[in-house]
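Asker: Protein chains in written order, with this note's numbering: chain H, 1 to 635; chain Y, 1 to 454.
Hint data in this document are derived by calculation from the structure and do not stem from the laboratory.
Model, not experiment: these values are computed from the prediction.
Hints may be right or wrong, so weigh each one.
To be verified - Below 30 Å or equal to it, Euclidean Cα-Cα: the simulated DSS-like pairs (lysine-lysine) are:
1) Y/Lys-102 to Y/Lys-365
2) Y/Lys-180 to Y/Lys-16
3) H/Lys-240 to Y/Lys-110
4) Y/Lys-121 to H/Lys-233
5) Y/Lys-157 to Y/Lys-247
6) H/Lys-544 to Y/Lys-110
7) H/Lys-233 to Y/Lys-110
8) Y/Lys-121 to H/Lys-482
9) H/Lys-240 to Y/Lys-96
10) H/Lys-240 to Y/Lys-16
11) Y/Lys-247 to H/Lys-544
Stated by the list, open to error - Rough simulated footprint, nothing fancy, chain H against chain Y, three-plus residues with beta-carbon under 8 Å:
12) 51-60
13) 75-88
14) 115-126
15) 138-152
16) 431-438
Claimed, not checked - Just a sample of chain H residues kept apart from chain Y, beta carbon distances all over 12 Å, derived:
17) Gly-109
18) Pro-222
19) Lys-233
20) Trp-439
21) Lys-451
22) Ser-586
23) His-599
Where is the CB? At the ideal position from N, CA and C, for every residue including glycine.
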Amino acid sequence: MCGIFGAIGPSAESLAKQAMVSLAHRGPDGRGTFFAPASNLSLAQTRLAIQDTSDAAVQPMTDAAGQATIIFNGEIYNFRELRNQLSSEYRFRSTGDTEVLLAAYLRWGGDMLGKLNGVFALAIYDHRDRSLLLARDGLGVKPLYCLQTKSHFAFASEIKALLPVPDFDRSLDLQGIGHYLTYLYSPGHQTPFKDVKKMTPGHAVVIKDGRQAREWAFYDLPYESEVLPFTVKGAATELKSRLDTAVERQLVSDAPVGAFLSGGLDSTSICALARRHLAPGELDCFTIDVRFAEVGNEGFAEDLPYARQAAKALGLKLHVAQVSPDKLIDLEKLVWHLDEPQADPAALNNFYICEAARQAGIKVMLSGAGGDDIFTGYRRHQALDFERYWQWLPSTAKKSLSLLSYFMPQKYPWGRRIHKAFRQASMSSEERMIGYFQWKDAPSIQRLWSKQIRSAGMVPATDIPLIEALQRLPQGTHELNKMLYLEAKYFLADHNLNYTDKMSMAAGVEVRVPFLDRDLIDFATRLPAHYKQHGQVGKWIFRKSMEGIVPPEIIHRPKTGFGVPLRGWMKVKNNRIEEDYLSRESLLRRGLFDPDAVHDLISRNRAGHVDASYVILALACVEIWCRQFVDAPAA
Amino acid sequence: MDLEKFYLKLPTFFQKAVLQWQGRRVREGRYGIGFNRVMQASLERLEFSPGRMDDYRASRLSAHFKYARHSPFWADRFQQYSVNANASDPFAELAKLPILKKDDVRRHAKQIQNPLFESNKLQRLHTSGTTGSGLVFRETLDAESERWAVWWRYRQKLGINPDNLCALFGGRCLIPISQKDPPYWRYSPYTRQILFSSQHLSQETFRAYLAQIELDKAPWIHGYPSCLGLLATWMIEHGVPPPPCVKFITVGAENLTAHAKNRIENAFGLPVYQHYGLAESTANFSQEPDGRIYVDEDFSHVELPLANQGGSRQVIGTNWHNPAFPLFRYDSGDLCQASSTHIHGPKSREVLAIDGRLEDALILKNGAHIFCLNQVFADMTNIREAQVRQTVIGEAEFRIVKGSDYGAADEAALAAEIEKRFGTLCDVRVTYVDELPRTASGKLRLVVSGISPK
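Use the sequences and the hints to build the structure in full.
Answerer: In structure tokens:
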């Protein structure tokens, strides 16, 4: 894993040098730049050496004939097989995956992207026609941002590396900001900056003469495929086999490998399978111990006893990162590392676990991320089971429930869930589907915008990417598969994977995600919906497949969130949030939100009339992000 | 119980009702909720770049290997031939496997059936068994949709759309054979078809068929080439013009002989188009509007190894759309001639001729196998139908149905053609008959041989 940056324009060369500083945390093992005067193009890379840690694999890398130069962040799990295919016509000088990508590009051009099984963000400059290919893996595991200004085109692994680009108009994208308040992340290509776009996962672009010449999709989640009538036994066997293969593939590393172990089904399964491919004592596991009792655990069951139980059953060494609760609400650190105003302090859990791993000499960590998004596991997947009841109800009854929802107490989890269910009762099934992903409904968010924005009619819609995604799915797609499509396309890519990458890279660790192996996803999308969510039991077939591999008490352990008791914290008067980030002066100066509406929301949240802790945190994160990214000087 | 016999005994009203019900069932199965999605994807694949097509093909084959390892038959074979279902170059793995013969499939059908799937949720399918006993197997809904999508893709390119009423001349017995008067057809509104009885088509009745096509304004005729060839012969012999509403003629299921093609095109004044496909979904060839035939490279993996010195190639295929009954390197028993064997992109291999079946060979005294026998009759416009029968090597009977203008000149021309092609290497006896027998599914076979091909 690495940090990558590139620019085309008059200042390209100096920008590359600056980028290596801002991306230093992503690549503590080396750095390098490349400059093509003919195109005014520069490439820069900071390196976390995982495969072929020798100097032969240093980036930017140019082939012997000087035809193409590559910078690449990620891992290609099938690089050995590709290398075998290419070795008759390409003489390799290194043993890692970067040169395989270069050779594959020279052999197949942009078509090579479809042959890759791995996670990546890459850029290849083709000296022959002076074009630049940019691509991001199909699931969006590796980040890539692009910026077009009047004088420059630039791209980077993180937004902060783009800040010095000349002519960068740092205007905000209101729709993007609206997304962070509504979902806590921005689904799709938008960022808080109008001119910075996320590269869509599974997409590639070719830049020529400083402008985009071509864009195409080389991968999309295959939910358009037919669901196959697997037998239960067959499906469980095949699932186990594919996950095992994925884990084995992702153990390929020239650096030590560790694993997250929360004691939940996903991480325990990954550890159990990885252990079978390694020598005893070769896999260390890591978890976190936060003393939630000090602030109330808010329904987040403590993982530590389960993690200990799983480690003992599997014979693995468990390292525990001890973290005090206050470290988990270090918002400035959170926002800076996340690069986006994502209001989820759970991201910091990842950072502290990775930090502990790095201190133990581990550079690569296997994670159970993606299991819930592919095989189900969230409460909204259970809630979907009640969809038919809404369809049976007459519209007047649904409208009444919707009105009633405003009187539901939201102090406790059950109250919040019923409130949300009732509020969405009168919506169309598509709106309801999208509503499951929203932390607050559109009218509530709209009230928060400043009077200037509202009176200018600039209040943005926030559900467009999700609606468009649903429309791409073929008629007859099962409701659960629709939700899982949105889950993987947005919640996973733009939220979970973003914070997983950014937080682990901040600690100098690469996180790998076997659940997002392409073969496993192909299989999972073809499973009947009731094999995934079986009544109220999530991951039903996955649980079956892990029988005999994972201890039964872990298999049947109820799902708990990977988070922090934010609501409890927000009820206590939080001086910094109220008196600084969301103070009346601060809000007026920024001009985005209405101070009266924001403070009213904070009061009602504290009184337990509404559940708005995450939205309030999102408002604070937007302000912090603006201070760090908008107000900061260019260099 | 023989359902067809039972159907034929029903009063006409109930027969119509049965056909309506069957039509609806067929439409829901064949063009069910997933069909549009499959069709759309099938059309999009036509635009794939060569590289993208390579990736698509590799991913399909790779997925097929992974599902197939659950089939006891393939699990054994994969182990025996060291096939790795997870390998990144699935074509290299495929090459390790031996050719799969039809007899192997028939013998091991139960072991090939993939227990990964619930069989009661799969479609049941049977091949017609033109050259032997039929094969019964199962397929997924998507496998059926993929087959129909590739056929509709070819039809849509010709200008035919699913709303066009189709006059279908198939092999099914739809009208009791004892019925002497029209109608010799039934309607299937759910599948937009008029189902014409091939068994009742004769010199006396063919005008009624044409009149009905005109009355219903059917723009599209589809059927067995032997059946449409006969219809065309009578139209030419009796000077009957084609119904003006007919805009498209397509044939399938049988080999389209040059003789039949000439006849149909002359009678209707329209080009006749064909596709080649199998129920086993191991290969499909489609004809383009310009008349060229290409292998549908996205539909299955087709290998075309040389079968003989005459340039004919075997059609060997892998049905990656049907994981329920996986077939790797399945020898269809058919032969063709192709421009190239290199696969690179959607239209990389042109099929120059579909020669028919491996069994469709005449074996000479010197052991040589002669294919493409339809060429013997290609220019014989006064021959209505022909069939070659062989039970002894180096001897053959040519059974001929004469056209109304058949005379001594035709007889001499046929003799000269036989002499030219076979000389003394085959003793040919020409026999004139009134009609030629069809197979149980109504197909006319060009060669009926009692000798196994080498």
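Asker: Hints first: check each against the structure and report whether it holds.
Answerer: Hint check results:
Our distance criterion of 30 Å between C-alpha atoms is met by Y/Lys-102 and Y/Lys-365, whose separation comes to about 27 Å. A C-alpha spacing of about 18 Å is found between Y/Lys-180 and Y/Lys-16, which places the hinted pair at or below 30 Å, so the restraint holds. Pair hint H/Lys-240 plus Y/Lys-110 holds up; C-alpha atoms about 25 Å apart against a cutoff of 30 Å. Distance check on the hinted pair: Y/Lys-121 and H/Lys-233 sit about 16 Å apart at the alpha-carbon level, within 30 Å; holds.
Between Y/Lys-157 and Y/Lys-247 the CA atoms are separated by roughly 14 Å; this keeps the pair inside 30 Å, and the hint holds. Proximity of H/Lys-544 to Y/Lys-110 is assessed by CA-CA distance (about 27 Å); at most 30 Å being required, the pair is judged to hold. Simply put, H/Lys-233 and Y/Lys-110 have alpha-carbon atoms about 19 Å apart, close enough for the 30 Å limit, and the pair holds. Annotation: proposed proximity of Y/Lys-121 to H/Lys-482 holds, straight-line Cα distance about 23 Å (limit 30 Å).
Between H/Lys-240 and Y/Lys-96 the CA atoms are separated by roughly 26 Å; this keeps the pair inside 30 Å, and the hint holds. For a cut-off of 30 Å, the pair hint linking H/Lys-240 to Y/Lys-16 is broken: about 51 Å separates their Cα positions. Taking the CA atoms of Y/Lys-247 and H/Lys-544, the gap is about 57 Å. The hint is violated against a cut of 30 Å. A count of 7 residues in the region 51-60 of chain Y with a Cβ less than 8 Å from any Cβ of chain H is obtained; the coverage claim is therefore met, three being the minimum.
Closer than 8 Å: that is the beta-carbon criterion, and the region 75-88 of chain Y has 3 residues meeting it against chain H, so the requirement of 3 holds. Counting residues of the region 115-126 of chain Y whose C-beta sits closer than 8 Å to any C-beta of chain H gives 6, which meets the bar of three, so the coverage hint holds. Counting residues of the region 138-152 of chain Y whose C-beta sits closer than 8 Å to any C-beta of chain H gives 4, which meets the bar of three, so the coverage hint holds. Coverage of a stretch by a chain is defined here by at least three residues with a beta carbon nearer than 8 Å to that chain's beta carbons; for the region 431-438 of chain Y and chain H the count is 0, and the condition is violated.
Against the 12 Å criterion, H/Gly-109 falls within the reach of chain Y, whose nearest CB is about 7 Å from its own CB. Separation of H/Pro-222 from chain Y is inadequate, the least Cβ-Cβ distance of about 10 Å not exceeding the 12 Å criterion. With a closest Cβ-Cβ approach of about 8 Å to chain Y, H/Lys-233 is found to fall inside the 12 Å limit, against its non-interface label. Distance check on H/Trp-439: its Cβ is at least 33 Å (rounded) from any Cβ of chain Y, clearing the 12 Å threshold; non-interface status holds.
Every beta carbon of chain Y lies more than 12 Å from that of H/Lys-451, the smallest distance being close to 47 Å; the non-interface claim holds. Against chain Y, the non-interface label of H/Ser-586 holds: every CB pair exceeds 12 Å, the least being about 51 Å. Distance check on H/His-599: its Cβ is at least 50 Å (rounded) from any Cβ of chain Y, clearing the 12 Å threshold; non-interface status holds.
The earlier numbered hints that this structure contradicts are 10, 11, 16, 17, 18 and 19.
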